[in-house]
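The hints should help you fit chain Z with the ligands onto chain P, whose structure is shown.
If you read the sequences in order, they're chains P and Z. Count the first sequence with this note's numbering and you get residues 1 to 246, in order. Count the second sequence with this note's numbering and you get residues 1 to 410, in order.
It is possible that some hints are incorrect.
As the list claims (entries may be wrong) - List time: in silico DSSO-like cross-link candidates among lysine-lysine, alpha-carbon distance up to 27 Å: (1) P:Lys108 / Z:Lys243; (2) Z:Lys243 / P:Lys107; (3) P:Lys72 / P:Lys107; (4) P:Lys108 / Z:Lys374; (5) P:Lys108 / P:Lys195; (6) Z:Lys3 / P:Lys144; (7) Z:Lys243 / P:Lys144; (8) Z:Lys243 / P:Lys53; (9) P:Lys108 / P:Lys66; (10) P:Lys53 / P:Lys72; (11) Z:Lys374 / Z:Lys243; (12) P:Lys144 / Z:Lys374; (13) P:Lys66 / P:Lys215; (14) P:Lys144 / P:Lys195; (15) Z:Lys3 / P:Lys107; (16) P:Lys107 / P:Lys144.
Said to hold, decoys possible - Label-pair ranges, simulated between beta-carbon atoms: (17) P:Ile125 / Z:Glu210: 55 to 61 Å; (18) Z:Glu210 / P:Gly146: 58 to 64 Å; (19) Z:Trp160 / P:Pro38: 40 to 46 Å; (20) Z:Ala145 / P:Thr3: 50 to 56 Å.
Derived by calculation from the structure, the hints in this document are not laboratory data. Even glycine gets a Cβ: it sits at the ideal position worked out from N, Cα and C.
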Amino acid sequence: MSTLLEVSGISVTFDGFRAINNLSFRIGTAEMRAIIGPNGAGKTTFMDIVTGKTRPDEGRVIWGEKSINLLKMNESQIARAGIGRKFQRPTVFEDQTVLENLVMALKKTRTPLSVLGYRRSSDDIDRVEALADEIGLRAELPRKSGELAHGQKQWLEIGMLLAQEPRLLLVDEPAAGMSPAEREHTTALLVEAAKTRAVVVVEHDMEFVRRLNCKVTVFHEGSVLAEGSLDHVTANQHVIDVYLGR
Amino acid sequence: MQKPFFIRNPSVMIFVALLAAFTIGVTILSQGFGIDVISTSMVKTLGKTLCLCLIALAMDLVWGYTGILSLGHFAFFGLGGYMVGMWLMYERTKAIVVNSLAEAPLPPTPNEIREGIGTQIFGVVGGAEIPPIWVFADSLTMQLALVVLIPGILAFVFGWLAFRSRVTGVYLSILTQAMTLALALYLFQNDSGLRGNNGLSGLQNIPGAEGVPQSELSVYFLWASALALGLGYVLAAWIVGGKFGSVIRGIRDDEARVRFLGYHVESYKLFIFTVTAIIAAIAGALYYPQAGIINPAEMAPIASIYLAVWVAIGGRGRLYGAVIGAGFVSLVSTWFTGGQAPDIPLGFYTVKWVDWWLVLLGLSFVLVTLFAPKGIGGLFDLISGRIAPNRHGADLGPGMGSLREQEAEK
Ligand SMILES: Nc1ncnc2c1ncn2[C@@H]1O[C@H](COP(=O)(O)OP(=O)(O)O)[C@@H](O)[C@H]1O
Ligand SMILES: [Mg+2]
Numbered sequence: 001m002s003t004l005l006e007v008s009g010i011s012v013t014f015d016g017f018r019a020i021n022n023l024s025f026r027i028g029t030a031e032m033r034a035i036i037g038p039n040g041a042g043k044t045t046f047m048d049i050v051t052g053k054t055r056p057d058e059g060r061v062i063w064g065e066k067s068i069n070l071l072k073m074n075e076s077q078i079a080r081a082g083i084g085r086k087f088q089r090p091t092v093f094e095d096q097t098v099l100e101n102l103v104m105a106l107k108k109t110r111t112p113l114s115v116l117g118y119r120r121s122s123d124d125i126d127r128v129e130a131l132a133d134e135i136g137l138r139a140e141l142p143r144k145s146g147e148l149a150h151g152q153k154q155w156l157e158i159g160m161l162l163a164q165e166p167r168l169l170l171v172d173e174p175a176a177g178m179s180p181a182e183r184e185h186t187t188a189l190l191v192e193a194a195k196t197r198a199v200v201v202v203e204h205d206m207e208f209v210r211r212l213n214c215k216v217t218v219f220h221e222g223s224v225l226a227e228g229s230l231d232h233v234t235a236n237q238h239v240i241d242v243y244l245g246r
Numbered sequence: 001m002q003k004p005f006f007i008r009n010p011s012v013m014i015f016v017a018l019l020a021a022f023t024i025g026v027t028i029l030s031q032g033f034g035i036d037v038i039s040t041s042m043v044k045t046l047g048k049t050l051c052l053c054l055i056a057l058a059m060d061l062v063w064g065y066t067g068i069l070s071l072g073h074f075a076f077f078g079l080g081g082y083m084v085g086m087w088l089m090y091e092r093t094k095a096i097v098v099n100s101l102a103e104a105p106l107p108p109t110p111n112e113i114r115e116g117i118g119t120q121i122f123g124v125v126g127g128a129e130i131p132p133i134w135v136f137a138d139s140l141t142m143q144l145a146l147v148v149l150i151p152g153i154l155a156f157v158f159g160w161l162a163f164r165s166r167v168t169g170v171y172l173s174i175l176t177q178a179m180t181l182a183l184a185l186y187l188f189q190n191d192s193g194l195r196g197n198n199g200l201s202g203l204q205n206i207p208g209a210e211g212v213p214q215s216e217l218s219v220y221f222l223w224a225s226a227l228a229l230g231l232g233y234v235l236a237a238w239i240v241g242g243k244f245g246s247v248i249r250g251i252r253d254d255e256a257r258v259r260f261l262g263y264h265v266e267s268y269k270l271f272i273f274t275v276t277a278i279i280a281a282i283a284g285a286l287y288y289p290q291a292g293i294i295n296p297a298e299m300a301p302i303a304s305i306y307l308a309v310w311v312a313i314g315g316r317g318r319l320y321g322a323v324i325g326a327g328f329v330s331l332v333s334t335w336f337t338g339g340q341a342p343d344i345p346l347g348f349y350t351v352k353w354v355d356w357w358l359v360l361l362g363l364s365f366v367l368v369t370l371f372a373p374k375g376i377g378g379l380f381d382l383i384s385g386r387i388a389p390n391r392h393g394a395d396l397g398p399g400m401g402s403l404r405e406q407e408a409e410k
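Chain P with its partners taken away, still in its complex shape (with noise of 0.2 Å):
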C-alpha cells in the first residue's frame, strides 16, 4: 500500500515547552490508525501541524504520490488536497441550518466567484440527504445547527467532513457526548470510510478503538511510544505506566 501522509521529525515549542518532539508518522491511502495517549499528548497539536494551522519548528510533512511539500502550504489549499478534519469540540455553524452547513462542505470549486454563482442542483441535494440519512440528521435539514445536541453536533461535523470526500480523515475524539448506540454508529461510519481513504482517529474509549480494529499509535509527551495492533500496544510496559495504569 502506498503512503499518503508521511510526516518526519517534527517538533514544536510552545513557549519553551515541548508539545511535539521528533515526532514521525505515516498512513497509506486507505487505512485506518487510532491514536490513542494522555491528555497533552499532544495528538491536538499532530492534527494542526498536518492543517497548517500550527507551524513546527523543524521536519517535514509529505502528501500524497507527488510527495507534495505541505509546510509550503495554507490552510484552505491543504484541505482542499484533500485533508478534512473533525474538531475536538464540536465546530459547526450554529448560525446556519444543517443544510446549510453541510452544502458549505460539499465538494465543489471553492473560490468566489464560482461560490457566487453556484445554485444547489438536484444532484446536490440528493447527496446532502444521503449524507443526512447516514447521519441521522435527515429530519433536521432545516433547523439551525446551534438547536441540535451536543451528540448530533458531532454528527453533523462529521457528515461535513464526509461531504468534502477528503483523502485523509483527521478525527478529533469523534464519541465525545454520544451514547453507546451512536458510538457504534459513529465506529460503523469511520469503517466504512476506510475502505477507500486514509482515517486518523484520536480516542480516549478502548471499547471504540478496539471496534474500530486497527492499527494504533500511542502519543506520549509529543513523540511516538509505541504503535501496533490495540493488543500488542496494550501489552506494552511503557503504555502501561504512562496511559493504561493511571
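Same frame as chain P, but now just chain Z with the ligands:
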C-alpha cells in the same frame, strides 16, 4: 432544486415595493412635480437619506455579515463624491469661463480657457494650475468610471495588504480608521489638488441642465438614489442569500473553521471589502450632488463610526435592519441638529438638542448594544414569529392521522 430568487426572498419584494411607493409618494407631494407639500430641500434630504441607506447596506454586508468592522467606508463614500464632484465643478466653471471670455474681441484659445478654469477653481488655495489628477475632469464618462475605480482599487490594495497578513478584529478596525484619517488629512492640504479644506462646491448645479430648476432636479436625484438603493438591495440579497452568504457568515462566526473547509478566507474578505467599497462610492457619488458641497471633514473617521452606529441600531446581519437604522437615525439626527426639536427647559438648565443629540445617540447605541443586540430590525422577528412560528419537525395536527409536514409541503 432552488426556487426563484424573489420567491425565496419575500422581504426583497416587500422592500422594493415599499421603496417604489415611497419614491412615488414623495414625487406626488414634491414641489417640482407634485402638489408642493414637501419642500425641495426636504426632497433633497430624503434623497440623501436614501444614499445613506445604501452605504449602510454596504456596511451591513461587510460588518453584519462578514464580521469586518470597517471604519473606513465613509472614505470610499467621500472619494466617490469627489470623483463626480470634479466633473461637476470643472464643467460648470468651464461654462462660466467660456461665457465671460466670449465678450473678448478674439475667440479664446483652449489654453486661455484652461487658465481661466484653473484660476477660478484653485484661486482659493493660491494656485492657477489645474493639477494632474484633474486630467479626466472634462469627461463625465471617465469621472464616473473613476467613481468605481479609485475607491475599488484603494479598497483592493488596502484589503489585500491587511487580510493577507491576517489582521482581524479590533486591529483591523484601527487600521481602516488610520487609512480614513490619513486620507482626510491628505485632502485637507491645499496642495492635495482637491482644494484642501474648501472642498468642492456648487455641485448641485448640473452642467447641461441649467434650465432645469432645483425643484425638479431634486426629484430626479431622489429617483436615481432610490434606483441605486433598490438595485443595491437586490444585489446584497443575492450575495448573502446563497452559498456565498453561508461562507461569509461562517467567516464572521469562525473563520478558522471555514479555512479548514477549504475556503480561502482572505479572498472572500477581499471580495466583500472591495464590492462594498464600490457600493459606498456609488452612494457618495449620488449623495454629494444633492448636498451641493463636499469637503474632507465629511470623510473624517467619525463619519464611519456613525455608520457603524446606524447599522447596529437598525440591526446588523439583516439587510432591512441596516436600511431602517440609517434612514431612521439620520432623519432623526437631521431633526434634532436642525434646531427643529423643541428645547426642554429644566428651570436650572435648558436641554438644547443641538448639543445634546449626540449624547442621546451615544446612549441609544449603548442601550441597543446591551439590551437589544438585534436592533430595530429585531422587532420584525416578533411579528413574523407570531404569524408563522417555526415548528419544523412538529406534527401539524393533534391526531395521528393528520398531515405531516413533509406531506403538507408537497
Ligand atoms: N497554542 C498553544 N500554545 C501553548 N501551548 C499549547 C498550544 N497548543 C497546545 N499546547 C500544549 O501542548 C500540549 C499538547 O496539547 P494537545 O496537542 O492539545 O494534547 P492532546 O490533544 O494530546 O490532549 C499541551 O500541554 C498543551 O497545553
Ligand atoms: Mg486533544
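Tested hints:
no., hint, verdict
1, P:Lys108 / Z:Lys243, "holds, 11 Å"
2, Z:Lys243 / P:Lys107, "holds, 13 Å"
3, P:Lys72 / P:Lys107, "holds, 23 Å"
4, P:Lys108 / Z:Lys374, "violated, 33 Å"
5, P:Lys108 / P:Lys195, "holds, 23 Å"
6, Z:Lys3 / P:Lys144, "holds, 20 Å"
7, Z:Lys243 / P:Lys144, "holds, 15 Å"
8, Z:Lys243 / P:Lys53, "holds, 25 Å"
9, P:Lys108 / P:Lys66, "holds, 22 Å"
10, P:Lys53 / P:Lys72, "holds, 12 Å"
11, Z:Lys374 / Z:Lys243, "holds, 23 Å"
12, P:Lys144 / Z:Lys374, "holds, 17 Å"
13, P:Lys66 / P:Lys215, "holds, 25 Å"
14, P:Lys144 / P:Lys195, "violated, 32 Å"
15, Z:Lys3 / P:Lys107, "holds, 22 Å"
16, P:Lys107 / P:Lys144, "holds, 22 Å"
17, P:Ile125 / Z:Glu210: 55 to 61 Å, "holds, 59 Å"
18, Z:Glu210 / P:Gly146: 58 to 64 Å, "holds, 60 Å"
19, Z:Trp160 / P:Pro38: 40 to 46 Å, "holds, 44 Å"
20, Z:Ala145 / P:Thr3: 50 to 56 Å, "holds, 55 Å"
The structure fails to meet hints 4, 14 from the earlier list, while all remaining hints are met.
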